[in-house]
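Asks: If you read the protein sequences in the order shown, they are chains A and B. In terms of the working numbering, the numbers along the first sequence are unbroken and rise by one, the last being 325. In terms of the working numbering, the numbers along the second sequence are unbroken and rise by one, the last being 448.
These aren't lab readings, by the way, just hints derived from the structure by calculation. Predicted model, so just to flag it, every value in this text is computed and none were measured. Glycine included, each C-beta is placed from N, C-alpha and C at the ideal position. A hint or two may mislead.
[Claimed, not checked] Calculated Cβ distances over 12 Å to all of chain A for the following chain B residues: (1) Ile-191; (2) Tyr-194; (3) Gln-230; (4) Glu-265; (5) Gly-382; (6) Thr-400; (7) Ile-417.
[Stated by the list, open to error] Examples of chain B residues lying across from chain A (beta carbon under 7 Å, computed): (8) Val-165; (9) Ala-168; (10) Lys-280; (11) Ala-282; (12) Asp-370; (13) Pro-442.
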Amino acid sequence: MAMFFLTTITFAHAQTQSNPVGSLNDLSVGLSPEIPQANQEVTLKLKTYLLNLSSADINWSIDGKSAQHGIGIDSFVFTTKGVGMPTTIDVSVLPVGGYVIKKSLTITPSSMDILWEATDSAVPPFYKGKALPTTEATIKYVAIPNMKTSSGTFVNPKDVMYNWSNNYELDSKSSGYGKDAYVFKMPFTDQKETVSVVGQMRGGGLSAQNEIQTSIYNPLVVWYLSSPLYGPQFDKAINSGYTVTSNDISVFAQPFFVSPKNILAKNLSYSWELNSQTLDAQTVPNVLILHRNDDNKGDAVVDLTINNSDKYLQELTSSLVLHLQ
Amino acid sequence: MKKFIWIIVIVLIVVGFYWFFFAMNSSQNGNGGVSSLKSLFPFGGANNNSTGTIANTQAPVQGSNEQTQITASYDPLIQISTRASVGATILLPGYASLQVTASTSSSTSTKNTGTSTSVVQSNTTNPFLGDTLPIVRFAEHGTGYIYDVDVRGKNETKKTGTTIVRVAEAYFGDAGNSVIFRYLKNDNATIETYLGHIVPPALGTTGQFATIKGDFLPENIPSIVMSPDQTSFAYLFATNSGVSGISMSTNGLNKKQLFSSSFDEWTLDLKQSVLTATTKPAGDIPGYAYSVLSSGIFQKIIGGINGLTTNISPDGRLLLYATSGKNNIGLFLQHQNGDSTKLSIATLPEKCVWNKSSTTIYCAVPISLDTSLTYPDAWYQGLTSFYDGIWKIDANSGATTQLTDLNSKAIDIENLILDQSGNFLIFENKNDGTLWSYDLRPVSAQKI
Chain A
1 MAMFFLTTIT
11 FAHAQTQSNP
21 VGSLNDLSVG
31 LSPEIPQANQ
41 EVTLKLKTYL
51 LNLSSADINW
61 SIDGKSAQHG
71 IGIDSFVFTT
81 KGVGMPTTID
91 VSVLPVGGYV
101 IKKSLTITPS
111 SMDILWEATD
121 SAVPPFYKGK
131 ALPTTEATIK
141 YVAIPNMKTS
151 SGTFVNPKDV
161 MYNWSNNYEL
171 DSKSSGYGKD
181 AYVFKMPFTD
191 QKETVSVVGQ
201 MRGGGLSAQN
211 EIQTSIYNPL
221 VVWYLSSPLY
231 GPQFDKAINS
241 GYTVTSNDIS
251 VFAQPFFVSP
261 KNILAKNLSY
271 SWELNSQTLD
281 AQTVPNVLIL
291 HRNDDNKGDA
301 VVDLTINNSD
311 KYLQELTSSL
321 VLHLQ
Chain B
1 MKKFIWIIVI
11 VLIVVGFYWF
21 FFAMNSSQNG
31 NGGVSSLKSL
41 FPFGGANNNS
51 TGTIANTQAP
61 VQGSNEQTQI
71 TASYDPLIQI
81 STRASVGATI
91 LLPGYASLQV
101 TASTSSSTST
111 KNTGTSTSVV
121 QSNTTNPFLG
131 DTLPIVRFAE
141 HGTGYIYDVD
151 VRGKNETKKT
161 GTTIVRVAEA
171 YFGDAGNSVI
181 FRYLKNDNAT
191 IETYLGHIVP
201 PALGTTGQFA
211 TIKGDFLPEN
221 IPSIVMSPDQ
231 TSFAYLFATN
241 SGVSGISMST
251 NGLNKKQLFS
261 SSFDEWTLDL
271 KQSVLTATTK
281 PAGDIPGYAY
291 SVLSSGIFQK
301 IIGGINGLTT
311 NISPDGRLLL
321 YATSGKNNIG
331 LFLQHQNGDS
341 TKLSIATLPE
351 KCVWNKSSTT
361 IYCAVPISLD
371 TSLTYPDAWY
381 QGLTSFYDGI
391 WKIDANSGAT
401 TQLTDLNSKA
411 IDIENLILDQ
421 SGNFLIFENK
431 NDGTLWSYDL
441 RPVSAQKI
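Take the sequences, apply the hints, and build the full model.
Replies: Dropping the structure here:
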């Protein structure tokens, strides 16, 4: 949900008479939503404490063309244009026994995307997909403003003031000019976190806001073959089992989405079993090298348990069946 | 009367002769004759696209003067190498930059020199039809050796002798004369990237391979992309606050920062002058794609699309994109005005390639999806493999046409490339890395 916005309320010609019934300060215009997005339906509503709008003659016009006119029409609905494209709304109000009051608004939509990434989530090298967060993952949120000035130039993200909030509480330390990133550590509970940002162009004018919820995901182990010539062969997993025809085999256990990114970090321990018998620690902790004699045939079950000492209750288990032929 | 009987006999003989030589041959060129020829041509056979079997002269064995007249059915689909590839490019027809001896002869000779093989001429000419076929240059998985082979799988020749074990990716630049190798170090975590220039052996030498000389780029480059003209490439470089996008000429010069971003997980795409950055995808998680302006500012193209993957047209006006998640992939074409059209086929855009004029897209389309999986994650993780068919998309109308079901072969297509003329589609089979070619020419123009 990206948003933007520029509203300028300008003073049109207000007739100046002595003892007028109604003046510019007696009338304001409210927007819903407050910061409209591009191509979004927006409702404008007149607000006043002194004037009787239900009997007033009200005229709404959009970009200079009259769009709605009648007695007591105190609201107006229109659709914004694209990012950076201004729409000007003029409204004139003639109260009974009073003088014409005019107001003008120009709305130029902007938008703000919030991207996020789990900065300490492990994926294999060359992995084309997104690293997902698990419990207690550190997430970096990045705001990408899409703000276009009236001259058609895009606003540099470093020229935007960002106000970051976590679960609707402003984090002033993380907010400021050019601070387009916000880092947050997810809790170990399975709860969604809401991060929101409001950005405003330096010097005022264009502004945009957005919010996002992130969830946590489960880690998993994917098994691959490995060899000195090819290394781990990440294109083809063998999780559904593998038929062994050679005497030597090297299997590579890749934990996805555990922390930290380095899967050989000390806080990750790998425990191996082969046919329910515990194996010694492997030279490369996540790689199991097996040798079999020619007469070894049948199925062998490899079990792996990965414990993360830095994460509360993070344990990962996986099994691989090898069919020896 | 006797004369009349002789005339009848002669007429019957002529009619019988005609029937024997023409009608029978006609019959044998139908289905009845194909099966016996299949044994001679392993890829010949029932293919929907090859509706008419093309009568051709079989290529003779090199060194033999015999030319056996055999009619063959032409299969536009062919495996062009049994070696696993980690990256390929198509050279222009007649290209022969690595030739040892300058020669314009149309014949190709291979000299075995015990430990190495050198090629006198690297362009491939069909010895029977006289036309030149484009050459595919590819790097072999595991060794990094570079080979040339024509698009019909003939005349495979080893070009370089520089060994780069564990090589996982290769990008060719400079019309095939430069190569970027990407491999995993023995720690299984560090990505090395090496930009090399292919140096041919000295003229007049035989039995020598070309060598590769160059320099390493920074470690752990997460994403790299070659420009369409192969003169430059762009890559991501990790910084303290995120990443920088860097461009560099394939000669290693003209290094320039294109952008900086606090966000790291980008996939880059470079088409002519358009650099696109798309967030790395995960099923059912919104993704975003941006065009990177010359000022380094990101201009949004599309966003909030679950499992977003993209492939922008060469002219930058159309965006082929997919939305994906649990048990679903949807393919769309976004026009310049922002309107999107859902296409009748479902695949990932990286399994597609645009033609040069941005009017046609060729896509590998999975025949079915495993309904229990989330895409594209499961495919990237290697947990599933597709059986693909090849489809053609009219980029203007969105109309789709199936070209082939790949004869129901277990081919999971990736890294598609199209030759300059748009006649040959080259791709890798993700299952084993082998290279395949599909002849897109009209049946009447297809030749062995």
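Asks: Per the stated criterion, does the least C-beta distance between Thr-400/B and chain A lie above 12 Å, as a non-interface residue requires?
Replies: holds, 25 Å
Asks: Checking a non-interface call: every C-beta of chain A should be farther than 12 Å from the C-beta of Glu-265/B. Is that right?
Replies: violated, 5 Å
Asks: Is the hint on Pro-442/B kept, meaning its closest Cβ partner in chain A is under 7 Å away?
Replies: Constraint on Pro-442/B not satisfied, violated at 34 Å.
Asks: At a threshold of 7 Å, is the proposed contact between Val-165/B and chain A supported by beta-carbon distances?
Replies: With a minimum Cβ separation of about 6 Å from chain A (threshold 7 Å), the hint on Val-165/B holds.
Asks: Was Gly-382/B rightly flagged as not at the interface, with every chain A Cβ beyond 12 Å?
Replies: violated, 4 Å
Asks: Is it the case that Gln-230/B keeps its Cβ farther than 12 Å from each residue Cβ in chain A?
Replies: holds, 21 Å
Asks: Does Ile-417/B clear chain A by more than 12 Å, comparing its Cβ with all Cβ atoms of that chain?
Replies: Given that every Cβ of chain A is farther than 12 Å from that of Ile-417/B, nearest at about 18 Å, it holds.
Asks: For Ile-191/B, is the shortest beta carbon distance to chain A beyond 12 Å?
Replies: violated, 5 Å
Asks: Does the closest beta carbon of chain A sit nearer than 7 Å to the beta carbon of Ala-282/B?
Replies: holds, 4 Å
Asks: Verify that the Cβ of Tyr-194/B lies farther than 12 Å from every Cβ atom of chain A, and report whether the claim holds or is violated.
Replies: holds, 15 Å
Asks: Once the shortest beta carbon distance from Asp-370/B to chain A is found, is it less than 7 Å?
Replies: violated, 11 Å
Asks: Checking hints one by one. Is Lys-280/B an interface residue toward chain A, by the C-beta closer than 7 Å rule?
Replies: This hint holds: Lys-280/B lies near chain A, its Cβ roughly 4 Å from the closest one there, short of 7 Å.
Comparing the model with each earlier hint shows violations of hints 1, 4, 5, 12, 13; every other hint is respected.
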